[in-house]
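Trainee: Here is what each chain is made of, one letter per residue.
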Amino acid sequence: MTVFASDAFTDSNGTLLQNHTPTVGGLWTKLVGGTGADIEIHNNQATPSGDGVVYYNGGTPSGAEYDVLLTQKIAGSSNYALGQYGRLSTSAETGYLAWSNAGAYFLYKAVSGSFTELGSWTTAPAANDVVKLEIRNATKKVFVNGTQRISSTNNDVTAAGKAGLRCYGTSTTFYVDDFSADDLSSGVTYVRPTILVSRAAVTRASRW
Amino acid sequence: MKRYYISPVVGTGTIGDAYRAAISDTVRAQNGAGLSTVILSNSDGTPALPWALCIAAAPNHVSIGNVSGVEAMPDITLDSTLAVLPSNLRNRALNFLTGKGVDLSGITTSSTFGELIDRVGKHLDVNFDRRNFDALGNLI
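For the protein sequence lines, the chains are A and B, in the order given.
By the count of the working numbering, the first sequence reaches residue 204 at its end, each step adding exactly one.
By the count of the working numbering, the second sequence reaches residue 149 at its end, each step adding exactly one.
I should point out that these hints are in silico values taken from the structure, not numbers from a laboratory.
Source: prediction; values computed, not measured.
Cβ coordinates follow ideal geometry from the N, Cα and C atoms, glycine included.
Mixed in with the good hints, there may be bad ones.
To be verified - Just the calculated beta-carbon pair ranges, DEER-fashion:
1) A/Ser87 / B/Asp26: 18 to 28 Å
2) A/Asn40 / B/Gly25: 56 to 66 Å
3) B/Leu98 / A/Ser87: 47 to 57 Å
4) B/Thr86 / A/Arg132: 23 to 33 Å
5) B/Asp26 / A/Thr31: 23 to 33 Å
6) A/Arg132 / B/Pro68: 27 to 37 Å
7) A/Asn39 / B/Leu87: 23 to 33 Å
8) B/Asn136 / A/Ala88: 48 to 58 Å
9) A/Gly30 / B/Gly115: 52 to 62 Å
10) A/Ser87 / B/Gly25: 43 to 53 Å
11) A/Ser87 / B/Ala92: 47 to 57 Å
12) B/Asn75 / A/Gly109: 24 to 34 Å
13) B/Thr86 / A/Ser87: 42 to 52 Å
14) A/Gly30 / B/Ala57: 26 to 36 Å
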């Protein structure tokens, strides 16, 4: 797969995301968020300095099918929510969002700022969880540490759009790192390192 | 264990109160549970119908089935024919779906449960494919 946007968020503390040069791809643009509501660099990671901010990366995918990956760096806070966008419009908050808060992961469809929950998985996200939003025409999936957790057949938002970030919370309570958006151009499955996370045992059974 | 449900749609569309199946909060109260939902939307993102098709993977389905207005679909495999169902359960499901406006023409006792779910899904989303409609994979 070809990376069309990536960012390790390496920069001076306090640098606003819109003033920071990503590792790969175009500059970050703030789509949603008023004055003082930004994402900024802190300890070479990204953290919000205001609530409900949305950014898109200027990198352009070659088509509408791609993956968006993000690593969560949660500092023991329950007052946060964060995630990554695919097919994000540059003129309105429209796209597919992999979202998490202290108790669950979600897959949302956003249309001009109206959100529809397409799926969820109940678990407490852990620090260093690697979340992948897989955007295909037939399915939208959320993988956590390499395992599929949420899937949807929704394809209401068809434009390729951009890859982006959404954060809610207060500064220094959580961070995100290692943003990457990868084209599905070669047909080769891109495998990220899997981080095993301890979870409550679940009963395994066949589907029916 | 996984089951299919028809659930009312709730929410105001904000990210903290997204449009969602009414069973969503009950499913999410169970650690490790998963949910996938098909909601028909208008072009502005608002729900076009007040109900949704859901598949829930959860340890306990009793509380999910008790959510107001929710109809649990029969607990049979997707490749089972509707003939395996007692007639009262089969008629209840078919009558419920007909009442929701789902076109069940051609659905007979020889039809599979999967064909019925496909019919419901396509009523809500032309792209619906039951093979891609799942919650949690095979974890529960």
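Trainee: Against the structure shown, which of the earlier numbered hints fail to hold, in ascending order?
Mentor: Hints 2, 7, 8 and 10 contradicted; others consistent.
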